[in-house]
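Full structure from sequences and hints, please.
Quick note: the sequence shown, position 196, residue 239 per my numbering, numbers continuous.
Hints listed in this document are in silico derivations from the structure and should not be mistaken for laboratory results.
Treat the hints with caution; some may be incorrect.
[Unchecked claim] With a Cα cut of at most 27 angstroms, we get these calculated DSS-like pairs of lysine-lysine:
1) Lys65 x Lys45
2) Lys150 x Lys45
3) Lys328 x Lys228
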Amino acid sequence: MKILVLGGDGMLGHQLLLNLQKRHHARATLRQDKTVYEKYRLFDEANSYFGVDVRGDDYLEGVLSHFKPDAVINAVGVIKQRQMANDAIPNIEINALFPHRLAILCKKIGARMIHFSTDCVFSGKKGKYTENDLSDAYDFYGKSKYLGEVHEPHCLTLRSSVIGLELAHKASLIEWFLARHGVVKGFRQAIYTGLTTQEMSRVIELVLVKHPTLSGVLHVSSSAISKYDLLMYFSELLHLKEIQIEPDDQFVCDRSLQSDVFCGITGYKAPTWASMLSELADQVKERERMTECAV
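Here you go:
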């Protein structure tokens with residue numbers, strides 16, 4: 044299967060490329076020039092298109108015409124952890140408008156489109172959200188992601204959340220945590236049902252291979268865990284003695300998702316957090332080993 048991953052240098056995008064290129068003809072789009080990415084030893088002319096700005100249709104149309112993918116995965120987006128998540132224009136342009144433009148382009152070439160939404164379309168006041176719950180996000184990010192959800196027959200929008208390692212920006216939960224020293228807060232009332240990027244890449248392959256006609260907006264989630272428990276377990280796996288996690292009950296947010304519909308259709312069952320975090324810890328150790336070897 045020919046699969047195009049948009050945003051191949053992102054936290055999720057690069058993991059999708061790593062996994063999918065093992066068994067498929069997968070390529071990624073990257074916004075900057077080839078020289079910027081050479082240090083990662085992941086991208087080359089055979090698996091990547093460099094200098095692609097998705098905000099211009101001409102760029103994408105050229106890539107789509109050349110590669111002729113069977114499926115396009117949109118891993119491009121303004122993320123909540125960056126400053127621009129508070130700015131209206133990039134949120135509207137990239138999170139809200141672009142997915143619908145992409146759906147039109149995919150339809151023209153007969154390609155399937157998979158798009159990622161987020162648990163942040165919900166405020167977190169209720170928890171255990173289903174696909175029937177109305178979005179009640181109050182920030183630009185959550186509202187723009189909701190507006191960007193695509194409902195076309197050739198498109199599948201997955202609401203979820205992911206944690207994992209990054210190549211560059213180091214702004215996500217795990218990278219932030221790994222960079223800490225001393226005391227950090229662990230929110231016991233912040234409930235999370237996301238997946239690791241490694242596991243999400245397996246979900247995407249399942250959907251692409253086993254469920255080629257699945258469409259609509261669906262939730263994909265794991266069992267609920269607090270951010271405190273997540274960080275505690277991850278810290279124990281890596282023996283991070285230099286970090287002390289202090290329990291905090293002041294911050295309350297439950298954006299947990301129910302994925303009964305998706306699991307019922309696909310037969311998917313999310314791994315335990317022990318399994319996912321153990322795999323992620325191994326990935327951290329491997330990155331450290333590779334860094335030491337490069338010195």
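Do the alpha carbons of Lys150 and Lys45 lie within 27 angstroms of each other, as the hint requires? holds (16 angstroms)
For Lys65 and Lys45, compute the direct alpha-carbon distance and say whether it is at most 27 angstroms. It holds: about 12 angstroms lies between the C-alpha atoms, which stays within 27 angstroms.
Would you mind confirming whether the straight-line C-alpha gap from Lys328 to Lys228 stays at or under 27 angstroms? holds (24 angstroms)
In this structure, every one of the numbered hints holds.
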